[in-house]
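Just so you know, the protein sequences line up as chains V and C, in that order.
In terms of my numbering, the first sequence is residues 1 to 192.
In terms of my numbering, the second sequence is residues 1 to 192.
Calculated directly from the structure, the hints in this document are not laboratory data.
Careful, some of the hints might be misleading.
Copies of one chain are not kept apart here, so a pair can be met inside one copy or by any two copies together.
[To be verified] Listed next, the in silico SDA-like pairs over lysine to any residue satisfying Cα-Cα at most 20 Å (straight line):
| hint | residue 1 | residue 2 |
| --- | --- | --- |
| 1 | Lys68 | Ala141 |
| 2 | Lys161 | Ser120 |
| 3 | Lys161 | Ser84 |
| 4 | Lys100 | Ser63 |
| 5 | Lys161 | Asp22 |
| 6 | Lys161 | Phe79 |
| 7 | Lys161 | Phe82 |
| 8 | Lys121 | Thr185 |
| 9 | Lys68 | Thr41 |
| 10 | Lys68 | Lys100 |
| 11 | Lys122 | Arg192 |
| 12 | Lys161 | Lys181 |
| 13 | Lys181 | Ala137 |
| 14 | Lys181 | Arg192 |
| 15 | Lys181 | Ala145 |
| 16 | Lys161 | Ala178 |
| 17 | Lys68 | Thr175 |
| 18 | Lys181 | Ala159 |
| 19 | Lys161 | Arg192 |
| 20 | Lys161 | Ser80 |
| 21 | Lys161 | Thr175 |
| 22 | Lys68 | Gly90 |
| 23 | Lys161 | Asp43 |
| 24 | Lys181 | Glu148 |
| 25 | Lys181 | Ala141 |
| 26 | Lys122 | Val191 |
What you are looking at is a predicted structure, and each value in this text was computed from that prediction instead of being measured.
There are 2 protein chains.
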Amino acid sequence: MTSTTIFGTGNMANAIGGLLADGGASVTYISEGESGTAPITGDIVVLAVPYPAVDAIIDAYASQLEGKIVVDITNPLDFSTFDSLVVPVGSSAAAEIQAKLPASKVLKAFNTTFAATLASKKVGELGTTVQIAGDDADAKATLAAAVEAGGVSAIDAGALKRAHELEAFGFLQLTLAAAEKISWTGGFGVVR
Amino acid sequence: MTSTTIFGTGNMANAIGGLLADGGASVTYISEGESGTAPITGDIVVLAVPYPAVDAIIDAYASQLEGKIVVDITNPLDFSTFDSLVVPVGSSAAAEIQAKLPASKVLKAFNTTFAATLASKKVGELGTTVQIAGDDADAKATLAAAVEAGGVSAIDAGALKRAHELEAFGFLQLTLAAAEKISWTGGFGVVR
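In isolation and in its complexed conformation, chain V is listed as follows:
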């Protein structure tokens, strides 16, 4: 059985945890208040927290994260302007996290799907697809299998370098939703 530890207890944390639990995974949450003291028990660790909260988790858990699949779901927007990302130009949050956790298998996933589309498993009438980028093929396959077991499609979006494009995609989607040009139950879907 896939075991998962999710940092965070917000909408995205709950949507991802619900999806993985639907697929039969064990899911444990570490809330903000527990972070730093609760142990990581899962083989897949999902950082379902805002990007500015990631560093404190890395600082507290770097050694426990060694060898683990670490899933970065963030859209690292500058929320003061909603007009740019806070990561270095051309880079990505996922690449920054991988650089800080060189012994972990960092994946970018879930940043292109709104919480509602993970929970309903639909983007409008279309089935939801989780895009996964990363440099470790086995880690990607493990996460994809856990997602698909829960009833949502997964697609291999390439190497971790593609996290730049996934974050641009997620950023664009957020700007459209914030401007009410798309709904939070819609957005960008993937058609095979």
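Keeping the supplied structure of chain V fixed, place chain C upon it in accordance with the hints.
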């Protein structure tokens, strides 16, 4: 009636021209062989050529393009590696073109839709949506109206700065299609 001049005679040129003609626009094409001699007659000018071919058009037509709506559809991939774009990191082809044509109203559009999805007006079972970014609201509205008259949805994707995200989106979509993870009749759709 909207009048359109399309540079190029490839799949994208024909798909865009067909769509705009369906909406009642007049459409004139300038082929590679005619480029430099044939005059621009349209108010909307679509650069439906590969990104490396854009500069020659700008050199030949800069003065004729003043005041026009100039639509950049390119996905400026480095096709030797299929792993990065050839535009400066953080910038976009559209921003580069706007800098070279300061008196034109440059829009980014049609780079997130494959030719087949413009021709069929469907991404799988979903209606096709053209994303349009640009700094001139009237120009965006004019192009959006021409697209919608042809039976395809259009969405305002924000300022021309968002062309960076649209090009990342198009790049990602191309890598997935080239890897046969999505089909050329599918891809990323927009659900309102």
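Hint by hint, here is what the structure shows:
no.: 1; hint: Lys68 <-> Ala141; verdict: within (14 Å within a copy, 49 Å between copies)
no.: 2; hint: Lys161 <-> Ser120; verdict: neither (29 Å within a copy, 33 Å between copies)
no.: 3; hint: Lys161 <-> Ser84; verdict: both (19 Å within a copy, 9 Å between copies)
no.: 4; hint: Lys100 <-> Ser63; verdict: within (11 Å within a copy, 51 Å between copies)
no.: 5; hint: Lys161 <-> Asp22; verdict: neither (30 Å within a copy, 40 Å between copies)
no.: 6; hint: Lys161 <-> Phe79; verdict: between (24 Å within a copy, 16 Å between copies)
no.: 7; hint: Lys161 <-> Phe82; verdict: between (23 Å within a copy, 12 Å between copies)
no.: 8; hint: Lys121 <-> Thr185; verdict: within (10 Å within a copy, 23 Å between copies)
no.: 9; hint: Lys68 <-> Thr41; verdict: within (10 Å within a copy, 60 Å between copies)
no.: 10; hint: Lys68 <-> Lys100; verdict: within (14 Å within a copy, 48 Å between copies)
no.: 11; hint: Lys122 <-> Arg192; verdict: both (15 Å within a copy, 13 Å between copies)
no.: 12; hint: Lys161 <-> Lys181; verdict: between (29 Å within a copy, 18 Å between copies)
no.: 13; hint: Lys181 <-> Ala137; verdict: between (36 Å within a copy, 15 Å between copies)
no.: 14; hint: Lys181 <-> Arg192; verdict: between (24 Å within a copy, 7 Å between copies)
no.: 15; hint: Lys181 <-> Ala145; verdict: between (33 Å within a copy, 16 Å between copies)
no.: 16; hint: Lys161 <-> Ala178; verdict: between (27 Å within a copy, 17 Å between copies)
no.: 17; hint: Lys68 <-> Thr175; verdict: neither (32 Å within a copy, 27 Å between copies)
no.: 18; hint: Lys181 <-> Ala159; verdict: between (31 Å within a copy, 14 Å between copies)
no.: 19; hint: Lys161 <-> Arg192; verdict: neither (22 Å within a copy, 29 Å between copies)
no.: 20; hint: Lys161 <-> Ser80; verdict: between (26 Å within a copy, 17 Å between copies)
no.: 21; hint: Lys161 <-> Thr175; verdict: between (23 Å within a copy, 12 Å between copies)
no.: 22; hint: Lys68 <-> Gly90; verdict: neither (26 Å within a copy, 31 Å between copies)
no.: 23; hint: Lys161 <-> Asp43; verdict: neither (23 Å within a copy, 40 Å between copies)
no.: 24; hint: Lys181 <-> Glu148; verdict: between (29 Å within a copy, 16 Å between copies)
no.: 25; hint: Lys181 <-> Ala141; verdict: between (34 Å within a copy, 14 Å between copies)
no.: 26; hint: Lys122 <-> Val191; verdict: both (12 Å within a copy, 10 Å between copies)
Of the numbered hints given earlier, the model fails hints 2, 5, 17, 19, 22, 23; all others are met.
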